[in-house]
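Peer 1: As given, the protein sequences belong to chains A and B, one line each in that order. For the first sequence, UniProt numbering puts the final residue at 325, and the numbers step up evenly by one. For the second sequence, UniProt numbering puts the final residue at 325, and the numbers step up evenly by one.
FYI, nobody ran anything at the bench for these hints, they're computed from the structure. There's no promise every hint is true.
The list makes no distinction among identical chains, and a pair is therefore deemed to hold if it is satisfied within one copy or across any two copies.
DSS-like cross-link-like pairs, simulated, lysine-lysine; straight-line CA separation at most 27 Å [to be verified]:
no.	residue 1	residue 2
1	K158	K241
2	K295	K266
3	K175	K164
4	K293	K241
5	K229	K134
6	K245	K294
7	K245	K158
8	K158	K229
9	K164	K229
10	K229	K266
11	K301	K266
12	K175	K241
The structure displayed is predicted, hence computed values, not measured ones.
2 protein chains.
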Amino acid sequence: MTQTVIVSAPGKVHLMGEHAVVHGAPALLSAINRRVIVSVTTSQSGLKIQSNIEHALKKQADKLIAESVRVVCERFHISPAPSVLISVNSGIPAGRHLGSSAAVSVATVGALLYFFKKIWNPELINTLAFEVEKIQHGTPSGGDNSACTYGGFIWFRKELDFLKTIWQLPYLVHKNLSPFYLIDTGQPEENTGEMVALVRKFMDELEDNGRLLLFQNEQATKDVATAVKYGNEALLIDAIKRGEKTLEGMGVVSPAILPLIQDIEKAGGAAKILGGGGKRGAVGYVLAYYRDKKKLHDIVKKHGYELESVVLAEEGVRLESGRNK
Amino acid sequence: MTQTVIVSAPGKVHLMGEHAVVHGAPALLSAINRRVIVSVTTSQSGLKIQSNIEHALKKQADKLIAESVRVVCERFHISPAPSVLISVNSGIPAGRHLGSSAAVSVATVGALLYFFKKIWNPELINTLAFEVEKIQHGTPSGGDNSACTYGGFIWFRKELDFLKTIWQLPYLVHKNLSPFYLIDTGQPEENTGEMVALVRKFMDELEDNGRLLLFQNEQATKDVATAVKYGNEALLIDAIKRGEKTLEGMGVVSPAILPLIQDIEKAGGAAKILGGGGKRGAVGYVLAYYRDKKKLHDIVKKHGYELESVVLAEEGVRLESGRNK
Chain A
1 MTQTVIVSAP GKVHLMGEHA VVHGAPALLS AINRRVIVSV TTSQSGLKIQ
51 SNIEHALKKQ ADKLIAESVR VVCERFHISP APSVLISVNS GIPAGRHLGS
101 SAAVSVATVG ALLYFFKKIW NPELINTLAF EVEKIQHGTP SGGDNSACTY
151 GGFIWFRKEL DFLKTIWQLP YLVHKNLSPF YLIDTGQPEE NTGEMVALVR
201 KFMDELEDNG RLLLFQNEQA TKDVATAVKY GNEALLIDAI KRGEKTLEGM
251 GVVSPAILPL IQDIEKAGGA AKILGGGGKR GAVGYVLAYY RDKKKLHDIV
301 KKHGYELESV VLAEEGVRLE SGRNK
Chain B
1 MTQTVIVSAP GKVHLMGEHA VVHGAPALLS AINRRVIVSV TTSQSGLKIQ
51 SNIEHALKKQ ADKLIAESVR VVCERFHISP APSVLISVNS GIPAGRHLGS
101 SAAVSVATVG ALLYFFKKIW NPELINTLAF EVEKIQHGTP SGGDNSACTY
151 GGFIWFRKEL DFLKTIWQLP YLVHKNLSPF YLIDTGQPEE NTGEMVALVR
201 KFMDELEDNG RLLLFQNEQA TKDVATAVKY GNEALLIDAI KRGEKTLEGM
251 GVVSPAILPL IQDIEKAGGA AKILGGGGKR GAVGYVLAYY RDKKKLHDIV
301 KKHGYELESV VLAEEGVRLE SGRNK
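Just chain A, with the same shape it has in the complex (with noise of 0.2 Å):
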C-alpha cells in the first residue's frame, strides 16, 4: 500500500509592523495566494527529500525540511528515521520576504502529521512549525508560521518573554478596496536576521526618537488593520504610507528602491518594502496599493520592475488529500 498525502500552506506579507514587532509593537500580517505544497509518500530507499526551490536557497530548505522530520519524529516518538518521499512544490519566491521558510515548515509539518498519525490540528502544526523555524532562523518572532497556519490577517505582538499575543482578524479585505500589487525587487544581500541586529542597534543609538518611531509605526499598523476593515481607502494609503516612513526611519529600505516607493507615493498610491527590507541593493517584494492598475504598470516598468496581483487574506494549511492507494 502506498499513501500520500498532500497539504499546502500560503506565504504571508507584512501589511506593517515587521521590525518594530521584535521591539514590542504589534504585527498585522496576511497570508497570500501563492501556495507550498508537499506531499509526503512512502518510499522504498530511506527518507528522500526533492524541491523545486531556487538553486540558491535549495540547500536551506532541504535542511528546513529535514528539521520538520526531525521535530515531528522526536515529538511521536517515530524511530527508526521514516522512510518517506518528501516533495516540496512551492509558489513562493524564497528570500524575497514572503514567507516561504514559514510556509514550508508549516506545509511539511503538516503533510508528516497527518501522514504518520492522520492527526489534522493546527494549533500543533503551528507549534511545531515554529520549532523548526528557530531551529533555522535563532529567535524568529512566532508571526510567519502563525499566518501560514491560520491564514487570514493575524495581528501578533510579543507583550513579554513569556506571552504573545496571536489573533486571527475575522474579516476580509472590504469590498471598496482595489486589488493589492507585489513588485519583485530581487532578492536582498542581507538576511532578515542581519536586518533585525541592524534595526536593533539603531533604536539603541536612537532612544527616545527610536521609541517615536515605533509609536508612529505602530499608530500605521492600527490604522491599516481599520482600514481594511472597513474598506476606507484614504487611510489605508495615508497609514502604509506613513508605516514605510518609520521603515525608512529604521534604516530597511535600500536606496536603492526608495524612487519606486516615491513615484508610487507621487501617483497617489502607497507602497511598502516586506518583512527584513534591504539596506543596500534589492529589498525582496515590495507591497503596493494603487486604484489605478495601469498606472501603477507603468511607473513599476519605468523602474524595470514587473507588477503582480495578490489576494489577502488567504485561507491557511489545508489538507489537499490523504488517500490511500
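We have chain A; now place chain B onto it with these hints.
Peer 2: Here is chain B on its own, set in the frame of chain A:
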C-alpha cells in the same frame, strides 16, 4: 420552595498600566482578597435590593444591581420582572479604585444567571457584567470586570476598537516576594471618568512627551509582570517606582499623597496610586511593596493612614452555594 443562590467576586488592583491602557498601553490587573457576596432568593413582593454599600455610593450600587437584573432578563427573555430579593454584602470599600463596582456587577450577574438558568459560565458572566459596566460608566476598558471574573493576574490591552487582548497570566506571586499592602487615603473628589478625561487632555498637549510617558509606563508594566513571576524584588521595586513616576507625569497623583509615596521610596520600598487616582485630595487606595512591615507601618502611621495586608492573584467569581431549600 425557596431557592437561594450565593455568588462572590473579588475586587482588583492595577499593578500597573491604569490610564495608560486608555491610550493603547497594556494594563496588569490582579484580583485581591476582598470580596463582594451576592445572594439571590425568591421574594413575595417583587424585585428588592439590599446592600451594605456605604451611604454615599449606595444609590449608585443599587442602580448597578438593577441594571444587572435588566441585562440578564433581557438576554434570556425573562418577563415580567422577576420577584427576587438581591442582597449585596461587600467587603470591598467603594469609590476607592478597588473595583467594587465591577465586583458587584460580576457577582450579581453570576448569581442571577445561576438563579434563573442554572448556568455557570464565567465567559458569559464577564460579557454581561461588561454590558452593565458600560451602562454605568460610559466607556470602561473591560479590564476591571475581567479581573473580577477570571481572577489571578490579568494582562489587558485594547489593540483596536474591535480587538481587545485579555490574558490570565498562569502564575501566582513568586514565593521570594514579601506581601503587598494597601493604604486607604480616602475617597477621591474626582471620579475615574473625570480623571480619564483629564489625562486625555494632558496627553494631547504633551504630544511626543506624552508618548514617551506611555512608553515608560508600558515598560514598567512589563517589568512588574516579569518581576512578580520570577520573584525579582529589585526589579519589582524599581518598576513600581518608574511606573508611579509616569502616573505623576500624567497628573493623576494628588500632591496630598506624594509625601507618603516618597517616604516609602526613601526607605527602599515602592508605592503607587491605583486606578483613576486623584488630582487634589485623597486618591483612594495606594498599593505598596516593602519587605519591612514594621517600618512601613510606621511610615504610613506618620502620615495618618492605616496599613492593610492584601493577597494578589485571588480566585475570580465563585459559586458559593445554590441549594434548593
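Peer 1: Flag every earlier hint the structure violates by its number, smallest first.
Peer 2: none
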